[in-house]
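S.K.: Assemble the whole structure, with the sequences as input and the hints as a guide.
2 protein chains.
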Amino acid sequence: MSGLSLTHISGSRFAPLVVLELASDTKEEAIAWLLSRIRDWQQNGGAELLVEQLGPGIGVEEKENPNMFLVGASMQRLLCGAEDLGLFKECTDGSMRAFTFASKHNFKDFKGDGDGFLSMAECQYVIKHELDTLRAKEETNVPGYSHAKLYPGKSIIRRLLSKGILIQMFPLHENEELKRLSFSWYKKVKVSLQPLDDIRHYYGEGQALYFGFLEYFTFALVPMALIGVPYYLFDWEDYDKYVVFAVFNLIWCTVILELWKRRSASLAYYWGTLCRKKAFEEPRPGFHGVLGHNPVTGRAEPIYPTSKRHLRVYLVSLPFVLLCLYLSLYIMMIYFQMEGWALSIYDENPTFWTHILLFIPSIIYAVVIEAMNLIYRYAAEFLTEWENHRLESSYQNHLVLKVLVFNFFNCFASLFYIAFVMQDMELLRQSLATLLITSQILNQFMEAFLPYWLQRRRNKKMIRKIQKRRLYEEKELPLVEQVRLEADMSTYLGTFDDYLELFLLFGYVSLFSCVFPLAAVLVVLNNITEVYSDAFKMCRVFKRPFADPAANIGVWQLAFEAMSVIAVVTNCALIGMSPQVRSYFPESETQLILCTVAAEHVLLGFKFILTFLIQDVPKHIQDKLARLEFESLEALKKKVKSDSALTFFTLLPLSKLLPVL
Amino acid sequence: MSGLSLTHISGSRFAPLVVLELASDTKEEAIAWLLSRIRDWQQNGGAELLVEQLGPGIGVEEKENPNMFLVGASMQRLLCGAEDLGLFKECTDGSMRAFTFASKHNFKDFKGDGDGFLSMAECQYVIKHELDTLRAKEETNVPGYSHAKLYPGKSIIRRLLSKGILIQMFPLHENEELKRLSFSWYKKVKVSLQPLDDIRHYYGEGQALYFGFLEYFTFALVPMALIGVPYYLFDWEDYDKYVVFAVFNLIWCTVILELWKRRSASLAYYWGTLCRKKAFEEPRPGFHGVLGHNPVTGRAEPIYPTSKRHLRVYLVSLPFVLLCLYLSLYIMMIYFQMEGWALSIYDENPTFWTHILLFIPSIIYAVVIEAMNLIYRYAAEFLTEWENHRLESSYQNHLVLKVLVFNFFNCFASLFYIAFVMQDMELLRQSLATLLITSQILNQFMEAFLPYWLQRRRNKKMIRKIQKRRLYEEKELPLVEQVRLEADMSTYLGTFDDYLELFLLFGYVSLFSCVFPLAAVLVVLNNITEVYSDAFKMCRVFKRPFADPAANIGVWQLAFEAMSVIAVVTNCALIGMSPQVRSYFPESETQLILCTVAAEHVLLGFKFILTFLIQDVPKHIQDKLARLEFESLEALKKKVKSDSALTFFTLLPLSKLLPVL
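So the protein sequences, as listed, match chains A and B. Going by the working numbering, 199 is the number at position 199 of the first sequence; the sequence numbering is gapless. Going by the working numbering, 553 is the number at position 553 of the second sequence; the sequence numbering is gapless.
Calculated directly from the structure, the hints in this document are not laboratory data. The reader is advised that the hints may include incorrect statements.
Copies of the same chain look alike in the list, so a pair counts if it works inside one copy or between any two.
Calculated lysine to any residue pairs in the SDA-like style (CA-CA distance at most 20 Å, straight line) [as the list claims (entries may be wrong)]:
(1) K619 - T297
(2) K277 - E634
(3) K619 - Y314
(4) K624 - F107
(5) K277 - Q622
(6) K277 - R627
(7) K137 - F612
(8) K619 - E282
(9) K277 - S632
(10) K619 - V565
(11) K277 - A635
(12) K261 - Q622
(13) K537 - F449
(14) K624 - T306
(15) K308 - K619
(16) K537 - S632
M.R.: Set out below in structure tokens:
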């Protein structure tokens, strides 16, 4: 593990893994109680972890928070935690199996007492899990805080977080490892792929799958980009040639999504998350309700009736989303009116100033869209929180769905309007190009460079402080400063926004790229810079996030597939509207539409069949999974048999056995 | 269990469960070898079952087959077999758990040594499984049959079946039980539901699910029938009123299929098949290939490359199916030409004979369709056999798909042609009515009464023989005669044809019933008689089938859902073509089509969302399943911990422990 060690601030040696930051005005009794619970033995209901307070920094100032704690654990404890979590690791025979302490020597890379067997990210995940499942016993409230109610079985950390006593809990970076990773990831100019295994090793499976998807998506776009370039070079104004391109588009977006499932399953298998059994999911921190008993675990926990949640979802959230969509549509119509009005003024009196006026509506609309997305995002988070979902996964799904629908509508409504109501392909192409290029530039700036710049400004202050004592260039930052630096870094809020961006880009390419064949080229360029800027922000801008052992990209797979279905409809309609196709049906428009609709239905049916035919998990991994399943069934059979023998044996009274000895 | 017992033909008492019929010219050494393998202890690789030869009948004739064997087992053996199979039974606390011999007293209805705990169907299923998994050891061929090759691990029964040495293996009926069941099922006129639990008890889950589906489907049709009757009574000629009916149709067929999933999950949960882990599926008897090692189990078994099978499927079967579809289409066109030609002759010269001529094309077409279905069925079975699928389930899926597509096409192509090409609603209604009524009458006759009549004729011969000795009316048939009678009964070939019939009926109702609102009424009537005739044929016509522990209706759920998607498209098109809707778009046909297509897409999208929203498994069963999962995870955790403690303990040398004693 890392070179960090706490010897210089306390007597006991342990590698700090996770930082707990309590509010600076936390009462002493609460701190003492929390620390004792964390350190207590597991059989007493404690977490059996090591924890130390962080010492004061160099050049102490008044505003520094003294209540920062470093948490670590012994190797034995971490291995047991990994077993509890059912982490899958590679065995010496190359298969992936759930780690158990008893069979530890069957695992690859397990040497001595297991040092280096678990990656630091895994250790931090274990610690997070142990802290999260640290439960109240008889306490009715947090000592010193009568309003922070507890009941037997309530997660202490979750209550402290929800009451604001615990400000944050984050894992520490490993500077050496991070330097190596960032070098192989984005610091050297290279043609090779991203170091996905290293990313997974450092950030966990969820992050690595995002970068894997980003990379896969970029490569999948290359054929589109290659076909798009000659279209751009030779047929720019001759956009009725796009039928071939649209057909290619259709097949492409179905096939790549299916193949991604296979790739994702391969990655997840080798990372050990594909067949890992999820532990029973605990309620999320914000969930509240009347105290009752969970029907599954039988444990005390808040109960909130599903029917009430359904009422909130269908009677409040759904109408709200529909209202927002209507509003967005209304604003779009105002934009088109304004544009028509500006055009008419320009036509009447074409001066420089009226020419400038032509751009005003677009600019206003772009700003309004961004503002609406932002406001809506807050509203969606508020509403989803208010819906009071029991599980984090269910909360995320509802949030993603709300944001997705609105963003899709906001970004694509005007394009759909131009394409199918105005039927102005020239304008569609222009709007698409403008949208793609501006959103790309804005995104890269807002996402990575702005936070980095803010970060640097903060860092400089601290570095200056330290430089008062010694030269920064010569030595590494001491641990204390390092921890405080990281605590000040922005918190990475998950892959949501990154996936959303990819989703919208996928939409631009799959829906309309036949009209603007350069779209794929632009998206490829964007993705390449995105890899670098995302890698950069992960390594330099944000706190290290906790690993998230994901087996797939979850609800996003569904979102991308829904988009590809919409793409079939859109592309068929664009094909039907092309002058090339129209010329085949010179007299009858009805015939044209019927043929287009028939073709669309056939394509949708074919897409559906293709989804069935292409298996989601590659054959060799299916075999491995089946083998694991088969072995566990066989083992169970043997076990049951030996158990019944054992039961039989123990039924004999001990006195009958003793004389034999 | 049943009152049957073998005391009067052999010394050892056991209840016969399953009959094995070997070819009458089977060599003695093969019989002796087979019996010894069946009787041998399990640790020697035998099946540890009881088996006796059936004695000669009363009034022995030359042609009677002497090689009939009765198989049974001790209660202990059956219970162990049930444990091996992972049968789920109800516990005393009301939950469903996998039966284990060690925990037998936790199960409801387990008394004494377990007599009556397993139903006879379950016992027979256990015996079938034990016989099926009776594997060759060092034998290289069946003794006396050098061409019947064996290799270590090959299922003996499967080899005997594929070489024609074993003619059949079937479970025995229980006369008492059967009488009770048939009385409550179809002999009394009743308004109550079918005795599904009793059916499941006697025939197993697969059969019971079919009857459950039949019943559910009938009830689901009642609202359609109720709405259809006033349509028929008041608006018969005013068929442009069908828009409301079509919309209702659409919603109805989506909702009932979703709700069926829930009902099916409920039934399967209480029958213990929902969460039963399937054992590793063995290759089907007909599967052949080069001997190799299974990558999953590591056992010796034939290997056939998937790529070769794919070549056969895509390069031979698929083109063949397409060719058949084309042929069917071609014959349909000939039919319409013949009909036009007959009509023109009638118009020219309207006499009685030319009026008769009008019916000739329909009759020829109906006969040709039936013949084609029959021939195609054989071709499909041959092709699917030739594709050499490893698993029975995969074989079944490919067969169902082939037969389904062709039958759908054959039955509905002419209706589609009339509806959308000829656009003659009057003719459509007439064809639909004719098809429904004739197919209904034919089916009931062919399916139950014809086989029953044939059966009766055969039985009468035997009964006459017996009556020579004593009066049949007074006494039950003796066991020997009973077994020979059952061996002569037809073999029930599974629920395939029954489901296919329901599938086509569902098609008539969901696709076109808005044109002929009485369709639902006719189908309800058909289903009611179907319940009786199916029940009758199960009880009286066929050999008892082995139980099939199905958790759902399998590929048929998918088939019905596909049909309901096609129904959306068809109904939207019918709505779009109705004069009522047309009158809203008096000048523009394009507008009408675009609106129809838009409505169709919205409905398809809505249907898709509905499928997501309605959960497949009811909440309270989800909770129970989650509880089982949770408990097994918790138990595993504890087990692992105690195991590691044990491992630790056993690492200490025994000599260190002994002094303590």
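S.K.: Work down the list of hints and note, for each, if the structure agrees.
M.R.: Right, here's what the structure says about each hint:
1. Only between protomers do K619 and T297 lie at most 20 Å apart by alpha-carbon distance; the minimum there is 15 Å, versus 36 Å within a single protomer.
2. In the homo-oligomer, the alpha carbons of K277 and E634 lie at most 20 Å apart both inside one protomer (19 Å) and across protomers (12 Å), since each shortest distance falls under that limit.
3. Proximity of K619 and Y314 under a CA criterion of 20 Å is satisfied inter-copy only: 19 Å between copies versus 42 Å inside one chain copy.
4. In this assembly of identical chains, the alpha carbons of K624 and F107 lie at most 20 Å apart only when taken from the same copy (17 Å versus 35 Å across copies).
5. Both within a single protomer and between protomers do K277 and Q622 lie at most 20 Å apart by alpha-carbon distance, with minima of 16 Å and 17 Å respectively.
6. For a Cα distance limit of 20 Å, the shortest separation of K277 from R627 qualifies both inside one copy, at 16 Å, and across copies, at 14 Å.
7. Taking the shortest alpha-carbon separations for K137 and F612, neither the intra-copy value of 50 Å nor the inter-copy value of 40 Å comes in at or below 20 Å.
8. Within a single copy, K619 and E282 get their C-alpha atoms only as close as 34 Å, which misses the 20 Å cut-off; across copies the closest is 18 Å, which meets it.
9. Taking the shortest Cα distances, K277 and S632 sit within 20 Å of each other both inside one copy (13 Å) and across copies (11 Å).
10. For the identical chains of this complex, K619 and V565 are neighbours neither inside a copy (27 Å) nor across copies (31 Å), given an alpha-carbon limit of 20 Å.
11. Taking the shortest Cα distances, K277 and A635 sit within 20 Å of each other both inside one copy (18 Å) and across copies (14 Å).
12. Taking identical chains as interchangeable, the C-alpha atoms of K261 and Q622 lie at most 20 Å apart only when both belong to the same chain, with a minimum of 13 Å there against 27 Å between chains.
13. Taking the shortest alpha-carbon separations for K537 and F449, only the intra-copy value of 8 Å comes in at or below 20 Å, while the best inter-copy value is 77 Å.
14. In this homomeric assembly, K624 and T306 come within 20 Å of each other (Cα to Cα) only across copies, at 17 Å, whereas the closest approach inside a single copy is 39 Å.
15. For the homomeric pair K308 and K619, the shortest alpha-carbon distance between copies (15 Å) is at most 20 Å, but the shortest distance inside one copy (44 Å) is not.
16. Taking the shortest Cα distances, K537 and S632 never come within 20 Å of each other, neither inside one copy (43 Å) nor across copies (42 Å).
Against the hints set out earlier in the document, violations occur for numbers 7, 10 and 16.
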